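Here the structure of chain A is known, so what remains is to put chain B in place on it, guided by the hints.
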Amino acid sequence: MTFVKTKIELSKLSNGDILEVLLTEGEPLDNVPRNAKEQGYHVLSVEHVEGTTHKVVIKK
Amino acid sequence: MADQKKLSIIAFSGDFDKLTAVFTLGTGAAAVGYEVNIFFTFWGLDAIKQKQGRSFTGGNWLTKLFGFMMGGLKVTPTSRFNFLGAGPKIFRYLMRKNNVAMLEELVGAAKALGINLYACEMAMHVLGLKKEDFIPEVKDVLGVASFLKLSEGGQTLFI
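Chains A and B supply the protein sequences, listed in that same order.
Read in this note's numbering, the first sequence has 54 at position 54, and its numbers run on one by one without any break.
Read in this note's numbering, the second sequence has 33 at position 33, and its numbers run on one by one without any break.
Chain A with its partners taken away, still in its complex shape (with noise of 0.2 Å):
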């Protein structure tokens, strides 16, 4: 459901834009950056926030 709502929310932008995505550790974080490359978006960043929680930046 993770990258669901990261897809929808990416559908919604323009080329170019930047989405950033909050994400816990595990399946989450394996799987959006992984599924957002495949898709052809640019992952710009992985950083760690704070305890579980990962910031993915994504480029459309």
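No lab work stands behind these hints, which were simulated from the structure alone.
Keep in mind it's a predicted model, so treat the numbers as computed, not measured.
A hint or two may mislead.
[Stated by the list, open to error] EDC-like, lysine to aspartate or glutamate: derived pairs with alpha carbons at most 20 Å apart: (1) Lys18(B) - Glu104(B); (2) Lys5(A) - Glu104(B); (3) Lys12(A) - Glu121(B); (4) Lys111(B) - Glu47(A); (5) Lys37(A) - Glu35(B); (6) Lys97(B) - Glu38(A); (7) Lys5(B) - Glu38(A); (8) Lys97(B) - Glu25(A); (9) Lys6(B) - Glu25(A); (10) Lys149(B) - Glu132(B).
[Unchecked claim] Among the chain B residues that face chain A by a calculated CB cut under 7 Å, a handful are: (11) Thr27; (12) Ala31; (13) Val32; (14) Ala101; (15) Gly108; (16) Ala109.
We treat Cβ as the ideally placed atom computed from N, Cα and C, and that holds for glycine.
For chain B alone, coordinates are given in the frame of chain A:
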């Protein structure tokens, strides 16, 4: 696209938990680029009814009564632990608490991702339902032969 991956699901069950599985799989596959077809038949038709609560939808008194008893998306029972309708409320509470997507949200995502929703012609006849009784996103009313043609070359699930 000829080489696009494809997932087709026959949604037979009208249970809250099984429909959650249908839409979780469907939206997950659509998000990673699959073409997704969901064919709603019999109890599963409850998920795509325009009226999400209980209403006397149907042709004659008998199907109207069935329509009321079956209800729509908001009153779907759970396949186990239904406890006369208390079960779904407990599961909804647990899902909300754990930040898991609710059935209505998943249906919304399915629409946003452009998943193809189809209704079974035969079940509609039996239950006295018309295409107008369903949400406008329902693309078409189909029979077995058309569904087989649609699902050809992909994976098919029966839930």
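Results for each hint:
A threshold of 20 Å between alpha carbons decides the hint, and for lysine 18(B) with glutamate 104(B) the separation of about 13 Å falls inside it, so the pair holds. Straight-line distance between C-alpha atoms of lysine 5(A) and glutamate 104(B) comes to about 14 Å, which keeps the hinted pair within the 20 Å bound. At most 20 Å may separate the alpha-carbon atoms for a hinted pair to count; lysine 12(A) and glutamate 121(B) exceed this at roughly 34 Å. Our distance criterion of 20 Å between C-alpha atoms is broken by lysine 111(B) and glutamate 47(A), whose separation comes to about 32 Å.
Of the pairs offered as hints, the one joining lysine 37(A) and glutamate 35(B) holds, with about 19 Å between alpha carbons and a cut-off of 20 Å not exceeded. For the hint pairing lysine 97(B) with glutamate 38(A), the CA-to-CA distance comes to about 31 Å; that exceeds 20 Å, so the pair is violated. For the given pair, lysine 5(B) sits about 14 Å from glutamate 38(A) by alpha-carbon distance, which is consistent with the 20 Å threshold. Note on lysine 97(B) and glutamate 25(A): the hinted pairing holds, with a Cα-Cα distance of about 18 Å set against a maximum of 20 Å.
For a cut-off of 20 Å, the pair hint linking lysine 6(B) to glutamate 25(A) is broken: about 29 Å separates their Cα positions. Taking the CA atoms of lysine 149(B) and glutamate 132(B), the gap is about 25 Å. The hint is violated against a cut of 20 Å. The beta carbon of threonine 27(B) comes within 5 Å of a beta carbon in chain A, closer than 7 Å, and the hint placing it at the interface holds. About 4 Å separates the beta-carbon of alanine 31(B) from the nearest beta-carbon of chain A, less than 7 Å, and the hint is met.
At its closest, the beta carbon of valine 32(B) sits 5 Å from a beta carbon of chain A; the interface hint therefore holds under the 7 Å criterion. The criterion of a C-beta within 7 Å of any C-beta in chain A is met by alanine 101(B), whose closest approach is roughly 5 Å, and the hint holds. With 7 Å as the threshold, the beta carbon of glycine 108(B) stays out of range of chain A, its nearest partner Cβ sitting at about 9 Å, so the hint is violated. Taking 7 Å as the C-beta contact cut-off toward chain A, the hint placing alanine 109(B) at the interface holds, the least distance being around 5 Å.
Checked against the numbered hints above, the structure breaks hints 3, 4, 6, 9, 10 and 15 and satisfies the rest.
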